[in-house]
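Make a model of the complete structure from these sequences and hints.
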Amino acid sequence: MKGTLRRRAGSIALIIGFFAFWQFACAAFGIKDIVLPEPSQIIVTLFDRLPAIWPHAVQTLYATLIGFGLGIFFGVLIGVLIGSSRLAYDTAYPLLVGFSTIPKVAVVPIFVLWFGAGTVPAVLTAMILCIFPIVVNVATGLATTEPELEDVMRALKASRLDILLNVGLPRAMPYFFASLKVAITQAFVGTVIAETVASNRGIGNLIMIASSNFDVPLVFAGLLILAVLGVALYVIFSFIEARVTGWTRRTDEFALG
Amino acid sequence: MMHAPLAATASMDEPALEPFVQLQDVTHTYGRLSRTVTALDKTNLKIEQGNFVALVGPSGCGKSTILKLITGLISASSGAVLVAGREIGAEPVRVGMAFQNPTMLPWLNLRDNVMLPLKIVPPFRQEYRRKRKREYRDRVEALLAQVGLAGFSDKFPWQLSGGMLQRASLCRALIHEPQLLMLDEPFGALDQFTREELWGVMQNLWLSRKPTVVLVTHDLKEAAYLANRICVMQARPGRIIDDNEVPFPRPRTVAMTYEPGFVSLTQRLRELIVAASPSQEVAP
Ligand SMILES: Nc1ncnc2c1ncn2[C@@H]1O[C@H](COP(=O)(O)OP(=O)(O)O)[C@@H](O)[C@H]1O
Ligand SMILES: [Mg+2]
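For the protein sequence lines, the chains are A and B, in the order given. For what it's worth, our numbering labels the leading residue of the first sequence as 1, then goes sequentially. For what it's worth, our numbering labels the leading residue of the second sequence as 1, then goes sequentially.
Treat each hint with caution, since some may be false.
[Said to hold, decoys possible] Covered by chain A, per the in silico footprint, the following chain B stretches (three or more residues, Cβ under 8 Å):
1) 71-84
2) 119-125
[Unchecked claim] Restraint-style ranges between C-beta atoms, simulated for each label pair:
3) R125(B) - T91(A): 32 to 38 Å
4) T4(A) - V37(B): 47 to 53 Å
5) A150(B) - W54(A): 55 to 61 Å
6) E18(B) - G69(A): 53 to 59 Å
7) D90(A) - G151(B): 43 to 49 Å
8) I110(A) - G31(B): 46 to 52 Å
9) G148(B) - R160(A): 32 to 38 Å
10) Y234(A) - Y128(B): 36 to 42 Å
11) T38(B) - F239(A): 50 to 56 Å
12) L161(A) - G151(B): 31 to 37 Å
Just so you know, these hints were derived from the structure itself, not from any lab. Treat the numbers as computed from the prediction; the structure is a model and nothing was measured. Backbone N, C-alpha and C define an ideal beta-carbon position, used for all residues, glycine too.
What follows is the structure in structure tokens.
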């Protein structure tokens with residue numbers, strides 16, 4: 001308990017120290033606004049122009065969450081298909097790794113080609129980026145289920161569906177929730193990338209326009225918004241993960257004796 | 001009162017014409033290619049309905065393998081395994097199994113772990129949604145209390161000792177009133193007193209419902225206390241080399257286990273097993 005408190009205090013001090021150093025360096029070395037604005041100025045810009053920034057933030061959050069939702073749906077579906085048999089898992093895994101190493105920014109132009117500029121490419125890019133961690137984790141969680149746990153069900157002549165619902169999926173839950181933390185940040189990255197390339201709304205677009213106008217404080221205000229949203233989403237899903245899958249941290253060997 | 005499937009009820013009441021469980025020339029080999037282990041070699045075994053059979057033998061002789069074959073968890077390399085006259089999987093028989101390890105699902109508390117068979121096995125599963133909150137729950141609590149786990153049903157597996165988990169695992173094997181009960185060293189991790197107490201619980205259960213039981217155990221006293229018949233197996237490749245009726249009257253008591261007839265039976269079994277063990281595996 002004391003340890004965590006000290007670590008928390010440490011990280012907060014480090015964050016504050018980072019911004020203080022930034023502020024100090026800008027003043028001490030006379031760095032121009034157009035290169036690197038002071039943190040205080042970024043915050044002032046953020047509040048001054050909040051009415052203009054806000055709709056963009058909402059748009060980005062909206063596209064991210066829809067993409068994330070779709071990513072969860074299809075990710076779990078594909079993950080279950082791949083993870084439910086050892087053969088499918090062993091066969092599909094290399095393909096999966098291959099796909100996930102493609103720089104997914106490259107798909108944005110394709111989506112624009114298909115669906116035109118706007119929200120759709122942003123949502124789809126977010127989905128594509130967040131789907132892989134979900135698929136891989138769900139499939140791994142299912143495929144690594146202890147045979148002993150499945151035997152308990154098989155001895156009761158349970159159907160494959162029963163085994164999946166009562167053993168496979170609960171067993172894969174910790175993996176699934178661990179992937180959500182990663183997936184939500186990935187979805188966020190996807191939205192912003194798509195917005196910078198092909199949208200007239202969203203924080204990504206705001207940053208693009210601000211930078212072409214050399215409005216550097218606004219660029220950084222956009223970044224700050226992204227950071228805050230990203231951290232908030234990460235924290236929310238970490239919290240959910242901790243609540244839902246508490247048992248994993250208590251069982252090292254799954255009580256198999 | 002639950003209603004068992006018709007076919008199963010009928011076969012319960014009629015005198016058994018053929019053995020309830022039958023292994024015919026069963027050979028089982030684990031692994032493949034050059035790295036194989038023949039766990040069972042042309043094993044034959046017949047168990048009548050409602051009988052209580054104990055399997056004893058040196059460790060690694062294939063006792064767990066026999067249980068897994070009868071339950072259908074593995075299928076024999078050759079030979080036939082019949083339950084209620086049919087190939088495994090086709091028979092409408094409720095089976096309960098307590099594994100050598102407790103294998104509780106770690107994300108469920110004891111109550112839900114023990115209730116699992118009621119969620120899966122017909123005819124209970126049809127009523128699971130309606131009854132799980134009251135009737136099934138009371139049933140689980142009552143059974144847990146019977147094995148000394150009253151008040152623990154909200155605990156999770158990681159909060160309990162190995163012995164407690166094993167008792168819960170026994171409850172899980174019994175909760176759906178199986179017609180065929182497979183027990184793989186269910187009392188192995190328990191202390192002497194709890195073990196003897198559970199022998200009594202087990203005996204009463206058997207006397208009241210007369211399921212067909214196959215019990216694997218290392219404890220010869222336990223085998224002689226509980227079983228009607230004791231089959232001795234030889235070491236790899238496993239095979240049944242001796243089949244003893246246990247003549248003592250029921251209900252048996254722990255005191256009876258010190259009587260001369262009882263002691264001489266367990267001694268004879270001990271000698272058989274020592275003789276059946278491969279020499280390098282005999283403990284000093
Ligand atoms: N899954 C398995 N793969 C390979 N060998 C196994 C496996 N399970 C059991 N065996 C081997 O088969 C033999 C019989 O095993 P088992 O039936 O568990 O013995 P017992 O329960 O009598 O101690 C042992 O020699 C064991 O090493
Ligand atoms: Mg064994």
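Which of the listed hints are not met by the structure? none
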